[in-house]
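Colleague: So the sequences go chain by chain: P and U.
Residue numbering for the first sequence follows the working numbering, starting at 1 and increasing by one per position.
Residue numbering for the second sequence follows the working numbering, starting at 1001 and increasing by one per position.
Any given hint might turn out to be false.
[Stated by the list, open to error] As a list, the in silico SDA-like pairs of lysine to any residue whose alpha-carbon atoms are at most 20 Å apart: (1) LYS425(P) x PRO1094(U); (2) LYS443(P) x GLY1092(U); (3) LYS1070(U) x LYS454(P); (4) LYS454(P) x PRO1094(U); (5) LYS1070(U) x ASP440(P); (6) LYS443(P) x ASP1177(U); (7) LYS454(P) x VAL1096(U); (8) LYS425(P) x GLU1144(U); (9) LYS443(P) x THR1116(U); (10) LYS443(P) x GLY1111(U); (11) LYS443(P) x ARG1110(U); (12) LYS443(P) x ARG1050(U); (13) LYS443(P) x LYS1113(U); (14) LYS425(P) x ALA1228(U); (15) LYS454(P) x GLU1089(U); (16) LYS443(P) x ASP1074(U); (17) LYS1108(U) x LYS454(P); (18) LYS1070(U) x LYS425(P).
These are computed hints drawn from the structure, not numbers from a lab.
If you're wondering where the values come from, they're calculated on a predicted model, not measured in any experiment.
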Amino acid sequence: MAEQDKILQDVTQSDYKYGFVTDIETDIIEKGLNEEVIRTIWEKKKEPDFMLDFRLDAFRKWQKMKMPDWAYLKIPPIDFQAISYYAAPVQKPKYNSIDEVDPELIETFNKLGIPLEEQKVLAGVAVDVVMDSVSVKTTFKEVLAEKGIIFCSFSDALQEHPELVRKYIGQAVPVADNFFAALNSAVFSDGSFCYIPKGVRCPMELSTYFRINAANTGQFERTLIVADDDSYVSYLEGCTAPMRDENQLHAAVVEIIALDRAEVKYSTVQNWYPGDKDGIGGIYNFVTKRGVCRGVSSKISWTQVETGSAITWKYPSCILLGDNSIGEFNSVAVTNHHQQADTGTKMIHIGKNTKSTIVSKGISAGKSDNTYRGLVKVMPGAINSRNFSQCDSLLLNDTCGAHTFPYIEVGNKSSVVEHEATTSKIGEDQIFYCNQRGIDTEKAIGMIINGYAKEVLNKLPMEFAVEAQKLLQISLEGSVG
Amino acid sequence: MLSIKNLYVSVEGQEILKGINLEVKPGEIHAIMGPNGSGKSTLANVLAGREEYEVTAGEVIYQGEDLLGKSPEDRAKEGIFLSFQYPVEIPGVPMVNFLKTSVNEHRKHRGEKELTAGEFLKLMREKMDLVDLHPQLTNRSVNEGFSGGEKKKNEIFQMALLEPKLAILDETDSGLDIDALKTVAHGVNALKSPETSTIVVTHYQRLLDYIVPDFVHILYNGKIVKTAGKELALELEEKGYDWIKKDN
Ligand SMILES: Nc1ncnc2c1ncn2[C@@H]1O[C@H](COP(=O)(O)OP(=O)(O)OP(=O)(O)O)[C@@H](O)[C@H]1O
Ligand SMILES: [Mg+2]
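Work out the full structure, taking the sequences as your base and the hints as a guide.
Modeller: Here it is as structure tokens:
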């Protein structure tokens, strides 16, 4: 036990090596939130008129709302008037060459197998314009444009495709859906917009492209993905590389709309700064992610690997409106140190013959708390619907916690809902068995963790899965470098 | 090869081994027998480096070096192999990955090139024949859902892959049917060389018909109370342990 404890303690006590190092010149407005601020944001972004109504509506509703307190989280009070709600970032390169970057950071990048060019962008190295990923992006853009796929920033979408945005924004996540979604709707700065036209299969994972962007995502980010009839897209958000941000509070919204027979795969790797070993600092991540399977036989799947943030509050959900539609949620959530995660999903069955699958794998270490919270709701009209849920928790020691709160409501007799849950601890005898075969404890833990999470990792696109696998090991070992 | 001197071991404050002395030379096979709870597995685990077992006195020299200060994985890589009495299941970790990692850790330690997936599979197939292990088992997770006998065969299969210098077989025979017993014994013998040594822990003389020991030791109440040639096993089979217990 001692050896395992030692390693786990190293893990628990190793510091996240990448403090807040961004050096940003910004165009910032006064702190605080009121209608005037909302108007200013809207004006600065030169958005169409309907957006002012949208934002103000959200703001007025938000004012009447309270922060949710039902999650298994200890959330310190947040002063919403102490935040500046608009900052157009002008990111200055911090380094002139990659040689100046902390070698340990580079080591982590290498462990994760991130290409050199991307490493530069992520670490904030000035990048030669010709070598820049910009050229890669341009190539991507051309291929996408050929297919009629729109993939751009939310701001650009509001300028270039206001009607599309207007038609779908707030359809999956209504402005007053919850406290954080309302706040986001009122003040969101930017994000991404993606539209896949009828019958088009997006020919590439929207991944590398996005990862490069991910290094400077905003505090209130908004994503809208619309998959028209018979289309398909696989969308990757986030980054396995350690993410730094000077904003403590993050409240993003992601909306997905799938029309008839459309399929959207949304994969996330979240590795925000988790705070130090005493639980000081770290990102508070309050995300609202929801997809609506609006069309018949449509499918939305969420796959997430969550290793970062001090507090994670996140329930990617599916509303299965269309008959025969399918929702999936696959999650690996790792908590360490004093991290807290309350995450899960909601599957709302409305259409007939709808199916949903939930696979949640929680891994807790240190003094962390890891909670799965899920709702499966089958409406009376959703006849012949099916859900299967599997919620597993793996504990690495006796000081961490794992909690499972599955809520199930079935409104008709022809539907079947199944729930399985397990909690296990990595056994000393398993580690010793590995040791006896020449495998050291760190490797053994990595192997066991990856075995445990495999079912979910397998759902990630190949290139990402390999990185995510390494990330799990790194975030639990703390052996960065 | 191995020299155990006056070894005392406690588990959770309770003394289990009370002054073990044992000398194992290269090429020798030693059988350790003794009633349930006498400390046989404890001895095997201490040699392999399991941490719960606290050495309170004595020393163990392996290949001229102090063994007790080394980590379990270093001991393994320096040639000590333990075939577990109760092999543990590791759900989710495929046998193939586990074995490849294990073999490559050993190779790295010896300064050899790591095997590629292809090379490893070839090696694996070769060794699998030796113990007649069903190829399908390697597609499963480590020991998961293996029958008792399959688990034991799997231990010897791993021994074949790792080619240890000192193999400690803790009741590898229990749970094996007659044919499997012969196969496993044949495997162990095939891996034997004048440079390697084996410690066989068993309750039954039957295994020793196939793996013929140079010495048989009786471990009772944490001490080796009798040492003799292979005929001692036969005597035990006949008389049981009562006469030993009476004398001690
Ligand atoms: N981890 C442990 N915690 C507490 N007691 C232990 C532990 N391991 C062994 N013991 C005790 O030490 C004594 C010796 O156990 P050991 O497993 O070495 O016996 P053995 O000779 O291998 O027996 P068997 O023939 O039944 O396998 C037993 O009384 C056992 O209960
Ligand atoms: Mg035993």
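Colleague: Taking the hints in turn, state whether each one holds.
Modeller: A quick look at each hint next to the structure:
no. : hint                   : in the structure
1   : LYS425(P) x PRO1094(U) : holds (19 Å)
2   : LYS443(P) x GLY1092(U) : holds (15 Å)
3   : LYS1070(U) x LYS454(P) : violated (33 Å)
4   : LYS454(P) x PRO1094(U) : holds (11 Å)
5   : LYS1070(U) x ASP440(P) : holds (12 Å)
6   : LYS443(P) x ASP1177(U) : violated (35 Å)
7   : LYS454(P) x VAL1096(U) : holds (15 Å)
8   : LYS425(P) x GLU1144(U) : holds (16 Å)
9   : LYS443(P) x THR1116(U) : holds (19 Å)
10  : LYS443(P) x GLY1111(U) : holds (19 Å)
11  : LYS443(P) x ARG1110(U) : holds (19 Å)
12  : LYS443(P) x ARG1050(U) : holds (17 Å)
13  : LYS443(P) x LYS1113(U) : holds (19 Å)
14  : LYS425(P) x ALA1228(U) : violated (44 Å)
15  : LYS454(P) x GLU1089(U) : holds (17 Å)
16  : LYS443(P) x ASP1074(U) : holds (14 Å)
17  : LYS1108(U) x LYS454(P) : violated (27 Å)
18  : LYS1070(U) x LYS425(P) : violated (26 Å)
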